[in-house]
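Number of protein chains: 2
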Amino acid sequence: MVIKPYGYAIWEKMQAQLDKMFKETGHVNAYFPLFIPKSFFSKEASHVEGFAKECAVVTHYRLMNDPNGKGIIVDPDAKLEEELIVRPTSETIIWSTYKTWIQSYRDLPILVNQWANVVRWEMRTRLFLRTAEFLWQEGHTAHATSQEAMEEAERMVNVYATFVEEFMALPVIKGSKSANERFAGALETYTIEALMQDGKALQSGTSHFLGQNFAKAFDVRFTNKEGKEDFVWATSWGVSTRLMGALIMAHSDDNGLVLPPKLAPFQVVIVPIYKQDEQLAAISEKVDSIVSKLKALGISVKYDNNDTKKPGWKFAEYELKGVPVRIAIGPRDLENGTVEVARRDTLEKQVVSMDGIELYIQQLLDAIQENIYKKAFDYRTGMTTPVETYEEFKEVLQNKGGFISAHWDGTPETEQAIKDETKATIRCIPFDQVPEEGKCIYSGKPSKGRVLFALAY
Amino acid sequence: MVIKPYGYAIWEKMQAQLDKMFKETGHVNAYFPLFIPKSFFSKEASHVEGFAKECAVVTHYRLMNDPNGKGIIVDPDAKLEEELIVRPTSETIIWSTYKTWIQSYRDLPILVNQWANVVRWEMRTRLFLRTAEFLWQEGHTAHATSQEAMEEAERMVNVYATFVEEFMALPVIKGSKSANERFAGALETYTIEALMQDGKALQSGTSHFLGQNFAKAFDVRFTNKEGKEDFVWATSWGVSTRLMGALIMAHSDDNGLVLPPKLAPFQVVIVPIYKQDEQLAAISEKVDSIVSKLKALGISVKYDNNDTKKPGWKFAEYELKGVPVRIAIGPRDLENGTVEVARRDTLEKQVVSMDGIELYIQQLLDAIQENIYKKAFDYRTGMTTPVETYEEFKEVLQNKGGFISAHWDGTPETEQAIKDETKATIRCIPFDQVPEEGKCIYSGKPSKGRVLFALAY
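Those protein sequences? They're chains L and U, same order as listed. So the mapping is simple: my numbering equals the position in the first sequence, first residue as 1, plus 224. So the mapping is simple: my numbering equals the position in the second sequence, first residue as 1, plus 224.
Warning: the hint list may mix true and false statements.
You can't tell identical chains apart in this list, so a pair holds if it fits in one copy or across any two.
[Claimed, not checked] Under the rule of at most 30 Å between Cα atoms (straight-line distance), these lysine-lysine pairs were calculated in the DSBU-like manner: (1) Lys244 to Lys669; (2) Lys449 to Lys277; (3) Lys294 to Lys228; (4) Lys526 to Lys244; (5) Lys573 to Lys598; (6) Lys643 to Lys534; (7) Lys244 to Lys624.
No wet-lab data here; the hints were simulated from the structure.
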């Protein structure tokens, strides 16, 4: 996967906002090694099952010229004694380091985040959603008590939900994962689940309460306030470039991307419309003044006066790129003191006075952000279906998709059976689950509340 | 190498400033893959000699449980058809991508930067200076003409020099590398060279004019304005976490780090001095008002009211961490309306009125930034020695160190002979070299100007 500049600019905006939110909640950044000795993965039993399998393995550290003159080959003498794994996630290397950082409760909590690339060898890749290498952030925190760690895991899933809803304009369901879907080595996994326009769910961020599993695996103990020794409590949490996939799939239409203004690399594009070159100078003068006023309000704007492309080409190009607002301005506009404003989300156009245009645009950007969210919210509402029977469940799954709200008996066996038969999984047990007596759609056993099923990426 | 939070915060400040300067000079960020197919390295002949040797090689993509129950092993069936190299630098993967981005002069220039981790398998590592994995940025630009590319390479070495001098408070010599010291695949390498306090030089950033070498290796052609086909012209340029090493080695003293205010994670630390807990409340109230005033001026400040550590411990700790300014405040100060201000660079202390303290601190931070630069500049001046003979050269090298300014005949053979005999290398042919007739210190052949030799990291 190559992330081109326009896409990367969106990722930079995501990073900047998330990093701000992490720091506001007391976290600091650090950096740990890309390569993890193979033996580290054997230390936490369930973690190795879940993670240490489909990994890139470094076995040699040198190339050499082929003695037969056929390019370069791996030097057989440069074999590593212990193979190195390219990190699929960093719990093991980080907890082996925390062992040297933590002696007493005074060293806790450790609230560290890392921005990094990770590699998981995927047989079937899908751009942004499932790529061998991807970019992400991974928080790894260490605490003196179980309760503190649980609060941290909850805090971070809430930070993720706020970010995705307020900045990506994408509503999410917050909840707990069932045992089957938990992170390898976690006692509890919290998730945010979003719905894509094809009716499939996308897990968009997770936060894990790891208990003392990694502390025990790497022997990380501390002396508590009472002077007694205990193992440290852990969380980890992450979001990745998968969020780029979510952004694309949740809001795009047939004309291309639709970007929420808060994450658009530039929020406004201005296109001059002219026939003679002389006209451009007058237009540009007016545009310069509009650009200054927009920038003064913190609105990012691009003036595209490239003369090798026609306005029609530019209109299509910026629609494709999802620029929230397009302003077109021609000789007639100069006479009338107007501009044409087009919004990307609804494709509506309007002729607007140049006077106070900056305030108009500012309000319009807010309105677009809100409208994109509302559209996604309404879509999800319409695509969330309560069902009472397994027949109904299968019917909705096949003909409609979306989230299916249903009773489940709480057993891994039932979840697995439903998955085997329909491919649907439990996306989460929502935090706001309403207590309700019911019967499991599959086993008929008693249930005390509904969970959300869906087909998922 | 693990980069702990305090160190990483310095790197984040460096990144933010460099990224700003790159964007101001028209660059955008993108991201390219970590893994490069082995065959890519065979395509540019001199590049493979210089880079594709000491590399981490991925040969397998799966682990499995050892059938004999001894932990996990590499799955022998999961061998890659073509080995993947963990990028030591990204010219090859990026130019193989640029081939698909460039058809015409309209697609040029491409001004792309990447923030990434890279791996070079080093036998002898040295923290921050030479580590197997390190963090860096690598700019890779593509141009329609040789002149444009040369200008870009010069522009970026100037950006680096400005950054290192103005933000790191470290004077550098800008110049060209001799052929022996050029980047593998470059026609010209520009460098900034800094002097460490042990008299050794540190290459702190390089910018390369790559000619059409990579375009030819990866067959990247374009149609120019005249409708003719030509190969694209290239540059690349990078600085890395090695700059952290430069910062530490250039300014530290026996008490620890000395950070220039512009890169300090926090510029001011405030330590309360009190005996009874009641006194702390009154101190904290005053400190809160000082903190607000400092923050309003954009000064970053930490109030350390941790009651498990004594003031003496805190003083030593923040000296070790190089915090530019320490403010101490006790009951006596409250009575007198004063605080004690200590500056890290000179270790001087002064009692200062609380009135207008924020303006005093603002000026003090500027003075510290300037003083740290001046100290390094004066040191370098005293440690730059012109010599006329090889005897003198060896004498200075052995007994004094630093930069040695000497005549050289311009041949790789002479440079190599001097290196073999003394370990000194030509750090650069300075941009501001003064034309001067002279004789090479080694061969006695004519020379038209002096170059800078030194022992280097």
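Okay, the hints, checked on the actual structure:
In this assembly of identical chains, lysine 244 and lysine 669 lie within 30 Å of each other by CA distance neither inside one copy nor across copies; the values are 46 Å within and 61 Å between. Neither within a single protomer nor between protomers do lysine 449 and lysine 277 lie at most 30 Å apart by alpha-carbon distance, with minima of 40 Å and 53 Å respectively. In this assembly of identical chains, lysine 294 and lysine 228 lie within 30 Å of each other by CA distance neither inside one copy nor across copies; the values are 34 Å within and 44 Å between. In the homo-oligomer, the alpha carbons of lysine 526 and lysine 244 lie at most 30 Å apart both inside one protomer (25 Å) and across protomers (18 Å), since each shortest distance falls under that limit.
Proximity of lysine 573 and lysine 598 under a CA criterion of 30 Å is satisfied intra-copy only: 20 Å inside one chain copy versus 59 Å between copies. Proximity of lysine 643 and lysine 534 under a CA criterion of 30 Å is satisfied in neither setting, with 52 Å inside one chain copy and 60 Å between copies. In this homomeric assembly, lysine 244 and lysine 624 never come within 30 Å of each other (Cα to Cα): the closest approach is 39 Å inside a single copy and 48 Å across copies.
Hints 1, 2, 3, 6, 7, counting from the list given before, are not met by this structure.
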